[in-house]
Each structure stands twice: as structure tokens, then as C-alpha cells.
Amino acid sequence: MAAKLSIRQLAVAVNKRLILRGVDLDVEANTIVSVIGPAHSGKTTLLRVINRLIETQRELLRSGDVLLDGTEVRRLDIDVLRRRVGLIFATPIPLPGTIFDNVAYGPRLKARLRRPRIADLVEQSLRSAALWDEVKDRLHTSALRLSGGQQQRLCIARTIAVNPEVIMLDEPTSGLDPISTAQVENTMRELKHRFTWVLVTNNVKQAARVSDRVAFFLSGELVEEGEAAQLFTTPRDKRTDDYVSGRIG
Amino acid sequence: MLVRPSVWQRVVWFLLAAMTLFTLVVLFFIIGFITSKGAHVITPEFLFGLPERMGKEGGILPTIIATIWISVLAIVIATPIGVGSAVYLCEYTRESALTRVIRFGADALAGVPSIIFGLFGFILFVVQFRMGWSLLAGGLTLTFMILPTIIRTSEEAIRAVPYNLREVSYSLGGAKSQTIARVVLPNALPGILTGVILGMGRSVAETAATIFTAGSSLLIPRSLFDPARTMAVHFYILAREGLSMERAYGTALMLIVSILLINVVAYSLMFRLTKKMR
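Those sequence lines, one after another, are chains P and B.
Letter by letter, the first sequence follows residues 78 to 326 in our numbering.
Letter by letter, the second sequence follows residues 770 to 1047 in our numbering.
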């Protein structure tokens, strides 16, 4: 079966600095793939190349292919691509407005939906992100009043509401407490049957907890990619070993 | 000698408090002075009556009507143009020599004395476009005058909207125009409104530019092409010609009250609009 996301010989330079150097990576559908590596190894850039947020950069050079279901992402309509591939940021960023409006933002961009239809969608999305029970009585209050962990789950619900195929998360739990982190990880596991997950994380233990496969990046290079169990116990590359065992990073 | 931090802290607090107090005292002195001199002439006949004997007697109704028309005209034309320019400058151009020239031009224009705008409006609208002294010529002149203020304050407000809110919208499939309409502008609204209120205040209070372009007729204007006298001009003429000092103060008081009203209405409107966002 062809991979959901297929990256071939991807090289990216921004402002004349090479950030990704010839990356090959396949992401199978309905798996959780973690991308780990120290700061400045190109993890975030990888995500932003996939959903083309990187294109706001002025001096951008890109070679190689990024294929979504076999189609180069640059040949897809940008809004279609971004609906198919969602992105969750490191810090939860609720839009100023109510909880309801946040979740409904994406669907309302596409079509004028009837109120009951939207309400339904909002409820489903919040349930999927395991946030419904906590917020169902205050859907029409400001999202900015939620706790950090709740805000991040709200962001996940907001992404789910546009029904993407792939959800990418950029260090989504870096500012969260252990309980909120566990909730986010649970959400990923429970929704594996619906989405393909790409998780960028600084936290090796988190990668070990949730991933099916892991890719280790260092200075813009994909050093090693493999099944989580294998990569963490018997890494093939010395540098991977150093990183996962905590000797560098 | 080193001053102890706690002593220094008290000194700074005292200085800052004194400065704030000074501002408030001056403000209340001016308002109090004008109120004490002008309050007793304010009666229903003064507000809703027609002026008699050049304003020595009677009311100021025509000047109230003229002020409303001219300011509303200026705001209604200047706001969309100003906000549109600000959106263009912030969202659709990259920083370049051109945008710097535009910004410099707007700043320079904001500092031009209003009498220059008056002269410009007189030559362009009154004479060249044959509008004569009229509400329309006055309103258009004030539009030019307040436009730079609205552009620059809107620009600051739009720039202050965090970039990552735009990225959230993009990453949910939002097009640029949708992102601007649904994320950027709503979040910039308080700042934009501040600029609009500033512009409204300036146009209500303007004398030099309107006397040149709208004239000083004391009749109630029946159309946009009629000449008219604003409250500020009326105040100026009453005082300058020595017609009636107490009526001048009464008019001044009404000016202050109207500016206060504009602020109260605008801010309560803003409060209601942004309630859901907090």
C-alpha cells in the first residue's frame, strides 16, 4: 500500500541557510509517527513544508517531493491541502472568541452551514478531543479562559472539525502538565483509526509512549527511521543511540 | 551616595502621581471653567432654536446640524478608505521603499496644519470643482485631514494582531481574505476604533479647515451643497467678533459635551462588540 505521506529527497533552504538536507520519509495511514531530534534539526520546518505554511517565507528554496496520497502538495489548492493536513502548534493558540466559535471556525470557512449542523459538528469534535464534558455548559464563553491543557485540546478539536486526513502536532505538550499531556496522548491513540498523526516532540519518552514509528533528525538530516521499539532499544546509528539515551540533546 | 531603593521607589511614585494629577487638574479646570461660564445659557431654546441677530440671541440648531453632517460625512468616507489602505500596507505588501514612502507621507500629512487643508479644500472643492461653500466641500476636506490618522492607527492595530492567529486561520484552510475579515480585523477593531474616534473628535472641533470650505452661513443646510457653519466656527465668530461671550461659552460647552458623547457611545459600542472575545 502506498504511504499516506511520502517525502522524497526533500531539501529546504530559507534565507540561504540549508535547513533540511535530503530527507526521505514515509508515513503510513492510521499510524502515529514521531519526529524527534534536538532544537534546530529541522523538525518544525518539515511540518511547515508539508502544509506549505513555510511559503510565507521570503527566500525559500525547496527541492524534492512531498506527496500526499501520491500527489505533490504544491499541486493541490492550498486551502484544500490545509484542510487535509491539519497542524497543531506548540503553544495552544485559541482564536479570541468563544469555545464554540473556535471549533466552528474551520467549517464556517468552507460553507454556510445551518446552526444545528454546526452545533452537531462542534459537539462531535469536542467529544473526539475529550473536552466535551468539561466545556459543554460554557460553549459560549471565551476560549481564552480555559486552562492551557484545555486550550490545546480545543485546538485539536478545532482541527478535527475540518475532518483532516493527517494531523501534525508541533511539540503540542511542551507547555503542559503531565495530566494534560497524557490526555493529549490518549486522544491521539484513540483517534488513530480516523487520522494519521505526525508528532514532532522534544520528549523522547513521549515518542516512546505513543508512536508506531520514529524518525530521528539531526541538523536537517534524517539520521534514522524505524519502528519505535527497534529505534529505542537497538538503534542502528551511533548518533541515535546518543540522543535517545540522553548523551546528547 | 546611594539612595535606598525603598526611598527611591517613593520618590518615583510621587513624581509620577504628581504628573498624572497635573494632567487631570488642567483638564478639569478647563471643563469646569467653560461649564461655569456657559452652562446657564444652555436651554431647550438655545439647543433647538434658530440664531437671531448673528447669534447674539436665539439658538444654535443650524450649527449642530452642520457639525453632525460634516463630521459624519468625513468619517463615513475616511474610515473605509483608511482601513483599506492600512490592510493593504500591512497584509498585501512587503516592507519596501514604496511602503516607507507611503508611511512617511501619511505621517507628514497628519502633521500638516489644518488651515493648509482648508486652503487646499477651498481651491480644489470650492473653486475648482465648483461645489461652493458647502457641507460636501467641508466634509471632503476633513476626510483628507483625518485620513492619515485613521490609516496610521489602523495600521498599528493590524500589526499588533499576533501573527500566529493568522497562521491558525491559514492552517484551518482559511484564505487570506477570510483570515483578514474573520481574524485580523475583529482583533484590530478596538485600535481601529480609537483612530476613528480621534478623527471624529478632530473633525467636530475643526475650525480653520471648515470655515474655508463650508462657509459660515447661519441657515439650516437643506442639502449637501448648502453652506453651513459648524459649532466650532460659530464659537470662533461669536468670540472673535465680540457678539456674545456667554453664548460662545455655551457653544463651547456643547462642543465638549458632544465629544464626550462620541467617546462614550463609541467605547460602549466597542465593549459590546468585543465582549465575546475576552
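I should point out that these hints are in silico values taken from the structure, not numbers from a laboratory.
Possibly wrong hints are sitting among the right ones.
Unchecked claim - Restraint ranges, calculated between C-beta atoms of paired labels, are given here: (1) B:ASN933 <-> P:HIS217: 39 to 49 Å; (2) P:ARG191 <-> B:ARG899: 51 to 61 Å; (3) B:PRO931 <-> P:THR108: 31 to 41 Å; (4) P:THR168 <-> B:THR792: 31 to 41 Å; (5) P:ARG204 <-> B:ALA879: 44 to 54 Å; (6) P:SER296 <-> B:PRO931: 38 to 48 Å; (7) B:SER946 <-> P:ARG151: 16 to 26 Å.
Unchecked claim - List time: in silico DSS-like cross-link candidates among lysine-lysine, alpha-carbon distance up to 30 Å: (8) B:LYS945 <-> P:LYS187; (9) P:LYS187 <-> B:LYS1044; (10) P:LYS213 <-> B:LYS806; (11) B:LYS1044 <-> P:LYS93; (12) P:LYS213 <-> P:LYS187; (13) P:LYS93 <-> P:LYS187.
Note that beta-carbon positions come from the ideal geometry of N, C-alpha and C, so glycine has one too.
Checked hints:
1. A hinted range of 39 to 49 Å for the beta carbons of ASN933 of chain B and HIS217 of chain P is inconsistent with their spacing of about 24 Å.
2. Between ARG191 of chain P and ARG899 of chain B the beta carbon distance is about 54 Å. The supplied range of 51 to 61 Å therefore holds.
3. Roughly 33 Å separates the CB atoms of PRO931 of chain B and THR108 of chain P, a value that falls within the hinted 31 to 41 Å.
4. At roughly 39 Å, the beta carbons of THR168 of chain P and THR792 of chain B sit within the given window of 31 to 41 Å.
5. Range check, ARG204 of chain P to ALA879 of chain B: Cβ separation about 53 Å, and the 44 to 54 Å hint holds.
6. At about 30 Å, the CB distance of SER296 of chain P to PRO931 of chain B disagrees with the hint of 38 to 48 Å.
7. For the pair SER946 of chain B and ARG151 of chain P, the beta carbons lie near 21 Å from each other, so the given range of 16 to 26 Å is met.
8. About 13 Å separates the Cα atoms of LYS945 of chain B and LYS187 of chain P, which keeps this hinted pair within 30 Å; it holds.
9. The straight-line distance between the Cα atoms of LYS187 of chain P and LYS1044 of chain B is roughly 26 Å, inside the 30 Å bound, and the hint therefore holds.
10. For a cut-off of 30 Å, the pair hint linking LYS213 of chain P to LYS806 of chain B is broken: about 59 Å separates their Cα positions.
11. Pair hint LYS1044 of chain B plus LYS93 of chain P does not hold up; C-alpha atoms about 45 Å apart against a cutoff of 30 Å.
12. Proximity of LYS213 of chain P to LYS187 of chain P is assessed by CA-CA distance (about 25 Å); at most 30 Å being required, the pair is judged to hold.
13. For the hint pairing LYS93 of chain P with LYS187 of chain P, the CA-to-CA distance comes to about 37 Å; that exceeds 30 Å, so the pair is violated.
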